[in-house]
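Listed in order, the protein sequences are those of chains G and R.
Everything in the first sequence is counted per this note's numbering, starting at 1 for the first residue and increasing by one.
Everything in the second sequence is counted per this note's numbering, starting at 1001 for the first residue and increasing by one.
No wet-lab data here; the hints were simulated from the structure.
A virtual CB, placed ideally from N, CA and C, is assigned to each residue, including glycine.
Sample of chain R residues at the chain G side, in silico, Cβ under 8 angstroms: (1) LYS1039; (2) VAL1077; (3) GLU1078; (4) ALA1081; (5) LEU1086; (6) GLN1100; (7) CYS1104; (8) ARG1137.
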Amino acid sequence: MSNPKSDGGERKYKVVGTRPIRHDGLDKVTGRANYGADLALPGMLHGAILRSPHAHARIKKIDVSKALAMPGVKAIVTGADFPEIGSGGMAAGESHIDPKDLQANIMARGKALYHGHAIAAVAATSVEQAREACKMIAVDYEVLKPVLSLEQALAKDAPILHEGRKAVGVPPLPEGDTNIMMRLANAKGDVDAAFKTADVVVEGWYEASMAHQGYIEPHATVVTTRENGQAEIWCSTQGPFAVKSMVAVTLQLDPNLIRVTPSEIGGGFGGKTTIYLEPVALLLSQKARRPVKMVMSREEVFRATGPTSGTRIWAKLGVKKDGSFVAADTRMEFEAGAFAGSPMGAATMTVFASYNFPNFRLEGLDIVVNKPKVAAYRAPGAPNAAYAIETVIDEAAEKLGMDPIELRLKNAVKEGDVASYGPKFDRIGFVECLQAAKNHPHYKAPLGKNQGRGVGAGFWFNVGLQSSATVSINDDGSAVVRTGNPDIGGSRASMAITVAEEIGIPVERVRPLVGDTDTVGYCDLTGGSRVTYATGMAVIEASKIVIEHLRARAATIWGCEVDAVEWRDGQAIGTNGASDNKPLTVADIAKQMGHTGGPIIASASVNPPAAGPGFGVHICDVEVDPETGRTTVARYTVVQDAGKAVHPSYVEGQLQGGAAQGIGWALWEEYLFDKDGKMENPGFLDYRMPVASDLPMIDTVVVEVPNPLHPYGVRGVGETPIVPPLATVGNAVSRAIGVRMHQLPMTPPRVLDAIETKKG
Amino acid sequence: MAKIQVQTTINGEQLDFLCDGQQSLLSALRDELGLTGTKEGCSTGDCGACSITLDGQLVPACLVLAAEAEGREIGTVEGVAQGSGLHPIQRKFLEHAALQCGVCTPGLIVATRALLLKNPNPTEAEARYYLAGNLCRCTGYDKIIKAVLDAAASMRGESA
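Chain R extracted, bound-state conformation (with noise of 0.2 angstroms):
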């Protein structure tokens, strides 16, 4: 079966590559670019492991067929950090202990960007209706809250 060729925006980065008609984004960005950041948990899209933005919006690549991303701007985990140093979000689930396994983090850590965008002060409960669909099995959530509400306190300034 001739394969197709997708133009696409990866964390900035015009890039080119061939996939099948069926093949999922996750599996282009995994199998084929070699982003293995981007987690696979379910592929049906029910755990978020495999978050990623599509021109800004946040879906699971596990949903996203992978020519669909032809002309899109896709955003991974691995385009998160700044220059040499790392995202707010990211310093915060480290400081707060957010994650233990840490196969999810990949996951909630686009998930919280794209809340953050969003709704820079989001109160706890809109946090946690934001992020439902990003599933974690280890922490029960609590450090992963007080990290994203704390990370959107440090983007907002108001700490450090």
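In isolation and in its complexed conformation, chain G is listed as follows (with noise of 0.2 angstroms):
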């Protein structure tokens, strides 16, 4: 369908914009709702993944006869279980996954590539069992050498990971083999023409870690199956459609044997966008014929799933003296992990897309290096972009002996742009928000000693793709929302507030339901902060064709035209010869469904092919103490467009933990490899996360300008706001010590080493 048109702002809300107690509230402040490894089922067994113990190797034989041979011990699969399948691509949310790698990732086939990758797997009659059967399996590998950094793939005599597969993109591509799975390229004007015009030039590398989502929940499944083929699974995702799909390609059965649950979801950030488990535990469930239940510990979550991409990105910026940006220029490498697919193609798109540049020339290569295989992180690619080009904005500001906000309202882009990756920009509130930002009190608050103050800005596409909804109403007035999208971060409060001002109910009277894979219509999965746009658009639909049966109903009772029965304020109003009848509830209809047609119930669905971009503009002030190089974020605050805020409680909080998030990745958080490519620090103790202690208060301004793509103009808000903070608190550090710094993490010996130089 097309979008509806946007009421623009100017429509008076009732429950849209209120702070309502999220329906799924109370079971989660009292320990009762059911996460991914909360399931148990009778007669259940547990699996154990036995990893690759080196970063590069040929599998040559796998012996798992002693192992099979251990009391109980039911049922073990290795790759060769797996079902050969071609390359090709397949649609999977925001991304594309090749099948034949989705695969080889989930079980190791000829090639172990990275330190952790699944070889083989037990299921036993307790974890511990199956653990120690794991370690009864006897592997015998060729030991390669590995590639671990983007310097040693790009080497002329680098190994390589995948012999015989080529480079795709834009040329000139490499020849032969490479570790170069793609290359993108884009150009605008007469880029080295146009610097030469440019009053101040500024350029540098900037280097970022692999860094984890760092959900809480590790991911876990329990699989059943059945002797018809049937299997049922439960887990912990952001798209049980998509696990239904992908489940069904990995292992070549039809997606109608598999019906799919999704638990509660403790967190995801992308990073449970795929799946590694579920198909592993349906092979070894239909070996063994009982339910099988498979929880990664901490240490596998950071050694076997998707972080996001190390990179190194060269960016170049050419200004005139009134600010006005003439070129930029960049190039961007990124760490796929073991196989291709980084969000590189993201970060060419926004790399330029905040500002307007006549000129401007990009890069972008996916490198595949011994490391896990990258998954999303929230806006994949683009904090990574902006670290580079806000940086140098930054640097180019200061040279310029400019304000920072005001050189970037100077070069901001507006409604009626072209945006650097193609389409014109529609209305769009990224002046408005970095004019929050300057007027904001904390712009203009004084700084103290070795404190800096940092801006950085941000943007983000975000998604529509499809989403369905079903709306209900209960005999007693009551309605009921299903949706197929899991409720990651109060999305269930958003549907329901929905509900609520449609119809015209009170919101505690509708029960928001995510239902799975054979109870609800098909929806994309949650990601792309889509689901109070696109999801939340399917459930305006559902309500007004709701509304048209209630109101049908009215006419029925009271003998009228249906077009004397009006809706307004949650009843059924009488007009032209109709007015003398008492006005009814929902509650008035709902009783006399039985008399009226029977049960009330709608469904709709949307498609939007766009959604309306997010913007965000972040102000951070650091401490650095100059004698040790740490750094304490003292300040810090966040400037969002969110078109309209339907539960603002649940927008401040993606605000705040994006940032949150931007901060632990700018400052604490990488992941460490040692010389074998062997992660160092796969626990929550050395992989720094931001704890309580580390944080101040997170001040948030949400900035209403409404997308004219949804009826009240919302935007999607969860990705943008890690966007800007790299760059933001990056700019903060190098204010506060008087040099750039380089590369992220900007841990406390990286500050001193840089502040050591600069006295020389």
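Take each chain as given, in its own frame, and dock them per the hints.
Here it is in structure tokens:
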């Protein structure tokens, strides 16, 4: 369907914009909510995975006989149990997945491509027994030299991860075997000539380490199989329908046989948009003919699920004295991990999206290395891209002696501007965000000794995709809304708010449910900041159909034409000859459903081809201890355009959470590998995510520039807030210490080193 | 291997359970007793998702052996609500939208209860340092800290 017109922000809302208690909250504060690892079934076995101790090795032979003979061991699977499948793309929400790679990442075939790569799996009567049995599986490896950095991957004599695989994309492409899986390029104008006209030119390399989404709940699944081939999958996922199609393709099963029930999800941030355990548990269950539960340890989550790419990005910016940008150039190198598919593409599309560059050139490379295969992480690719471009912009502002927000305002994209990646911007709120940041008291507050203030901006497309919803009226006039999107941050509340707003019943009288793949219509995954936008639109449409039913029932009760019934404030109101009738509430009509045509229920589906882009501007004050190089975040403010905040508390929560993840990425978080490619810090003690005492309160300003594509003006808000922090914190540190930082995370030793180098 | 019988009190109720010698209290609570409100995030004592109280002391259940629970009093999230109503901490977490995915919430609520028993009037910094062992990846802690301070005020009778 086409997108309904936005009300342009003029509509007066009764429920949208309020802050009701979330419907699933009670179960989550009492421990009643069931997450992935909380299900137990009678007769259930426990699975464990044997993982590669080498970052790069050929698997010559696997002998499971000793393990299989152990007490309590019921089944073992290896790569040989998976069907052969060909390459080819499959749509997976925001990205594309190669099924052959997906399968080979779930269980190694032929080669182990990272330390922790799954080699075999055991199902036994206890987890301990399964783990013991894994140790008894004999694997004969031919250890190969690993590729552990972008530099090593691009070296002339580099070991090759995927022999015979050719690079794809925009020529010139490397010939012969290569670790470059894709090259993208784009340009506008005469970049070299334009740089010559610039008054100030800044450039630099900006590096970021591999970082993990860090969801607190490890991946978990319970799979039951039946003799007729059916499989019931319970798992923690952002997309039950995506799990269904991915399991079907990796095991070459008829998708009709698979039903996926999403558990409550303990965080995902993109990391639970793919699968790891589900096909393995399914095969084990088929072999053992019992339900199989598999739960990852934290160490396994770090070693063998997708973090986001380590990156090396060069950016160059040319600016006139008056602050106008004349040209920009970038080369972006992204670690994909062991298989093709880093978020380099999105990085190339977002890097220049926030500003008008009359001339630009970009090149992006997707490069395989012997590290875990990356997965989506909140606005995938965009934070790394913004880190580079927003840093050179800050440096240019310093050189010009210009206020960094003024410099951005001078070049910011507005409605009608053509985005660097192609389309023309509709109504967007970047300028409004920049102005709100400029006027915020934080921006004018004095700084203390050893403190610095950084500013950074960020853009994310947001997506639409396919969504459906069903709204039904109970016989007491309450309502149920059902969708297929796991609630990762309060979306049940926004679905209920939407029904309450449309139909006109109290939000507490709406029960929002998340269904499994057999009980609700298709929904693309919870990702791309799309649920409140797209699924919310399906809920609006379904609610509108319900209202039509309610009007028709009122007309039946009154014996008048349906045109004489208006729906206002949750009531059927008679007009034109029917006005003598006492208005009927939803409860009044619901009571008589059985006499007026039966149950009242409606479904609707949407497939919006686009979503309203999100822009954010962050301000950060840091204090750097010149003796130790330790950075403390003293104050942080997030300004973002939400279009229309349906539940403002959960919008603020997204802004705060995204900022916190970005701060962690900027200052503390990184994958550390030893010389053999073994991750050295696969736990929360050494992979250092922000804790409560690391952060200040995070102030938020929710700007509302209505999105013309949504009836309420809603824009997705989940991803944009992680885009600006890397550069924002980096700019703050650089201004505090008077020297530009080029590598994340900005750990105390790196900062101290920069201070010492400056001193000379 | 012979199982060990453990007599303990959980949320005020006397209970017996059987466990293996190497089994963690977290595993016993979740897998033997069906108390799955206590979550497992790391099993190394770093994330706080499995926070419980043992004789009133806040501990990660993953670092306690199940057999060590013998004769002890255990408090889990399932025992926080009072009668048919929520504990003020739970109420304030809901009112302040102090949870998104909710998987860290049980541990944070148990930890907050332990904090406020020790220190009914914590400063923001005291709350942040006490709860530094409870990781939350969704919220950035802002709303959690506000909920904790508001719950403390409420429990002191200073707000609704």
